[in-house]
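> So you can see what is in the structure, the chains are spelled out below.
Number of protein chains: 2
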Amino acid sequence: MDARPHPPRPLLLGAPAGPPRADAERNHALILAAARRLLEGRGVDGLTMDLVAAEAGVGKGTVFRRFGTRTGLMLALVNDIETDFQRRFMSGPPPLGPGAPATDRLVAFGRERIAMLELQGDLLRAAEDRPDERYASAPRAASALHLHILLNQAGYDGDTPVLVFTLLASLDATLVLYENRSQNVTMERVANAWEDLVRRVTAPRAS
Amino acid sequence: MDARPHPPRPLLLGAPAGPPRADAERNHALILAAARRLLEGRGVDGLTMDLVAAEAGVGKGTVFRRFGTRTGLMLALVNDIETDFQRRFMSGPPPLGPGAPATDRLVAFGRERIAMLELQGDLLRAAEDRPDERYASAPRAASALHLHILLNQAGYDGDTPVLVFTLLASLDATLVLYENRSQNVTMERVANAWEDLVRRVTAPRAS
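Going down the list, the protein sequences come from chains D and F.
Per our numbering, residue 1 is the first one in the first sequence, and the count goes up by one each step.
Per our numbering, residue 1001 is the first one in the second sequence, and the count goes up by one each step.
Note that these hints are calculated values from the structure, not bench results.
Check the hints yourself; a few may be wrong.
Pairwise CB distance ranges (calculated) [stated by the list, open to error]:
(1) Arg-1134/F - Val-44/D: 15 to 21 Å
(2) Gly-59/D - Leu-1119/F: 53 to 59 Å
(3) Pro-94/D - Gln-1086/F: 43 to 49 Å
(4) Arg-37/D - Ala-1100/F: 51 to 57 Å
(5) Met-90/D - Leu-1119/F: 37 to 43 Å
(6) Arg-37/D - Ala-1138/F: 37 to 43 Å
(7) Asp-1084/F - Phe-64/D: 53 to 59 Å
(8) Leu-1119/F - Pro-94/D: 43 to 49 Å
(9) Leu-145/D - Ala-1115/F: 25 to 31 Å
(10) Thr-1071/F - Gly-59/D: 46 to 52 Å
(11) Ala-1115/F - Pro-94/D: 41 to 47 Å
(12) Asp-1084/F - Val-44/D: 36 to 42 Å
(13) Arg-1134/F - Gly-155/D: 31 to 37 Å
Beta carbons are placed, not taken as given, at the ideal position from N, Cα and C, and that holds for glycine.
The task is simple: from the sequences and hints, build the whole structure.
Set out below in structure tokens:
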């Protein structure tokens, strides 16, 4: 887990001065890394303040002080996961990051996202349950802009914004987990279908 | 509005014997037709028991007796709209119904659905808000089966079930109304993009 330069800090009016900032940031990163391990091992049920504190090797009070509530911790973890993904598709190694052909980067985007849904989908699905944020969230806007640019670089000559909505909808955690868990569609099939769709829509027209 | 052979009847334990069955069915159809006109004219806010009774020319008590609650009326109206759509794509005139090439029927399916969302989308979006039913509803299952068959008839050789999930997701009321109202994408653009996508995925491969 990367240390972030400016981790969000809960607003605690009148709170006593905390430990020195370097310790606080180290604890912040430790707690988020521990929460991510628990999420990936046990699903969203593993994200209790007790388990996270024990896994991070800090006191429970420290977790509450940094994140306020379990919901606060979960939102911070979603933010951490999405920020990490964004960093990887914007400036990480190819084919997800720059340096690969646009179509390969589109393929890698979906494959990486589907791999995330396999590990962290329960949490990302919970984030989608807030209808006002479902399509308007900052991570979704970043992904939409990224796909828009890549589709145009790949020579797509249709209505790019509408296709981006369709492509992102096909990667919604709620939908993909439904396919996988209720319809017995393996994550590998979802990923292969993403690649197939991207290659078809960016292929030169036959006529 | 077509008269349906077996309209759902609310379960009223111990209710007094109602009017003769023919009258009851006529009222049922009158009320649903009135509710649909109000929905299309005023949106979901027009669906009050008072307005529906007045528009249908029946007493308010009749509306309550037939549908129980406003929610009951809205669910019956969703059912009526979806049943009507299903009848049209399964046995209505081409190109939506049988008799046109499979690709043209796929195109017509999306265009008709998007036209429905323009008129009735507020109600259909409300129906999607029940997460347990979002992907598992009977109308969605009928649409999925229909698209599956048409894609195969059109010669699609990829993973049809996964593509069907993607195509239906692109027609979700919640998504399309967001595109249209929050992102200034016209319904015509959404419909044209649907056609473009369907024609690309069913086109013979270039290689």
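> The structure should be examined with respect to each hint, and the outcome stated for every one.
Evaluated hints:
1. Arg-1134/F - Val-44/D: 15 to 21 Å: Holds, since Arg-1134/F and Val-44/D (Cβ atoms, about 19 Å apart) stay within the stated range.
2. Gly-59/D - Leu-1119/F: 53 to 59 Å: Given a distance of about 58 Å, which is inside 53 to 59 Å, the answer is holds.
3. Pro-94/D - Gln-1086/F: 43 to 49 Å: holds (46 Å)
4. Arg-37/D - Ala-1100/F: 51 to 57 Å: Cβ of Arg-37/D to Cβ of Ala-1100/F: about 54 Å, so the range 51 to 57 Å holds.
5. Met-90/D - Leu-1119/F: 37 to 43 Å: Roughly 41 Å apart at Cβ, these two residues keep to the hinted range, so it holds.
6. Arg-37/D - Ala-1138/F: 37 to 43 Å: holds (41 Å)
7. Asp-1084/F - Phe-64/D: 53 to 59 Å: The hint (53 to 59 Å, Cβ to Cβ) holds, given that Asp-1084/F and Phe-64/D are roughly 54 Å apart.
8. Leu-1119/F - Pro-94/D: 43 to 49 Å: Taking Cβ atoms as reference, Leu-1119/F and Pro-94/D lie about 46 Å apart, which means the hint holds.
9. Leu-145/D - Ala-1115/F: 25 to 31 Å: holds (30 Å)
10. Thr-1071/F - Gly-59/D: 46 to 52 Å: Between Thr-1071/F and Gly-59/D, where Cβ atoms are some 48 Å apart, the hint holds.
11. Ala-1115/F - Pro-94/D: 41 to 47 Å: Given about 43 Å between the Cβ atoms, the range holds.
12. Asp-1084/F - Val-44/D: 36 to 42 Å: holds (40 Å)
13. Arg-1134/F - Gly-155/D: 31 to 37 Å: 35 Å Cβ-Cβ, so the 31 to 37 Å window holds.
In this structure, none of the earlier numbered hints is contradicted; all agree with it.
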